[in-house]
Amino acid sequence: KNEVEQSPQNLTAQEGEFITINCSYSVGISALHWLQQHPGGGIVSLFMLSSGKKKHGRLIATINIQEKHSSLHITASHPRDSAVYICAVMGAQKLVFGQGTRLTINP
Amino acid sequence: ETGVTQTPRHLVMGMTNKKSLKCEQHLGHNAMYWYKQSAKKPLELMFVYSLEERVENNSVPSRFSPECPNSSHLFLHLHTLQPEDSALYLCASSQSYRTQDEQYFGPGTRLTVT
Chain A
-5 KNEVEQSPQN
5 LTAQEGEFIT
15 INCSYSVGIS
25 ALHWLQQHPG
35 GGIVSLFMLS
45 SGKKKHGRLI
55 ATINIQEKHS
65 SLHITASHPR
75 DSAVYICAVM
85 GAQKLVFGQG
95 TRLTINP
Chain B
5 ETGVTQTPRH
15 LVMGMTNKKS
25 LKCEQHLGHN
35 AMYWYKQSAK
45 KPLELMFVYS
55 LEERVENNSV
65 PSRFSPECPN
75 SSHLFLHLHT
85 LQPEDSALYL
95 CASSQSYRTQ
105 DEQYFGPGTR
115 LTVT
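Which chain is which? The protein sequence lines are A and B, in order.
Take the first sequence: its letter number 5 is residue -1 in my numbering, and every next letter is one higher.
Take the second sequence: its letter number 92 is residue 96 in my numbering, and every next letter is one higher.
Everything labelled a hint here was simulated from the structure, so no lab data went into it.
Being a predicted model, the structure only gives us computed values, none of them experimental.
Positions of the beta carbon are idealized from the N, C-alpha and C atoms, including for glycine.
Careful, some of the hints might be misleading.
Stated by the list, open to error - Derived contacts from chain A toward chain B, CB cut-off under 10 Å, selection only:
#: 1; residue: V(-2)
#: 2; residue: P2
#: 3; residue: H27
#: 4; residue: L29
#: 5; residue: G35
#: 6; residue: I37
#: 7; residue: S76
#: 8; residue: K88
#: 9; residue: V90
#: 10; residue: F91
#: 11; residue: I99
#: 12; residue: P101
Can you make the complete structure from the sequences, with help from the hints?
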């Protein structure tokens, strides 16, 4: 079993829908990252959080340390949000990555 | 522009070739990382350099040899690779080698070993 599990692995939705991607982890962490990877391969950091909730535009990330769970929400989804979203947790001095969630938003 | 550049973006090499991947960061960061991303697998950390010293080597085969001549540049020297080494190789940097520092990624080098 991976230390970081994401669900769903693949998600297809229509433009405008509310999107939720989940991340569960089994190790103690100091921080959790949400990353976005576009088809060309480049990775962009969306959020880094260790407690509570953060919001940036249409993106919201939450974390529950006690339950070892984080969610990434996208409101009013758009085709340009289509990408792979990766959860990564900072354990003992290194990032451990989930397998990613491939999101496709259809017009 | 992420501030982290990688060259080449694509590389095809035979198993007997020797090649190098280059990473450069323009962010004034002190830590640099090499990651490997194989198809349908999570990102795997390969090497970490902090202030030009290697601080982590995650059981990477010796056919991969990193070099960090200064805090802005990171190389990955490749020799006698295997087809299973075909993957996307990503470089990243962060302000320091600390758990809370955000990492900035380059666009990656897509490597194919024939």
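Hint check results:
A least Cβ separation of about 7 Å between A:V(-2) and chain B falls short of the 10 Å threshold, and the interface hint therefore holds. At its closest, the beta carbon of A:P2 sits 15 Å from a beta carbon of chain B; the interface hint therefore is violated under the 10 Å criterion. Nearest Cβ of chain B to the Cβ of A:H27: about 8 Å, under the 10 Å cut. The hint holds. Checking A:L29 against chain B by beta carbon gives a least distance of about 8 Å; that is within 10 Å, so the hint holds.
Among the interface hints, the one on A:G35 holds; its C-beta lies about 4 Å from the nearest C-beta in chain B, closer than the 10 Å criterion. Contact between A:I37 and chain B, as hinted, is supported at the beta carbon level, the nearest pair being about 4 Å apart and thus within 10 Å. Evaluation of the A:S76 hint against chain B yields a violated restraint, the C-beta minimum of about 18 Å exceeding 10 Å. Because the smallest distance between the Cβ of A:K88 and any Cβ of chain B comes to about 5 Å, under 10 Å, the interface hint for this residue holds.
Interface restraint check: A:V90 against chain B, minimum CB-CB distance 8 Å, threshold 10 Å, status holds. Because the smallest distance between the Cβ of A:F91 and any Cβ of chain B comes to about 4 Å, under 10 Å, the interface hint for this residue holds. Because the beta carbon of A:I99 sits about 22 Å from the nearest beta carbon in chain B, more than 10 Å, this interface hint is broken. Residue-level restraint check for A:P101 is violated (minimum Cβ-Cβ distance to chain B is 26 Å; threshold 10 Å).
Checked against the numbered hints above, the structure violates hints 2, 7, 11, 12; every other hint is satisfied.
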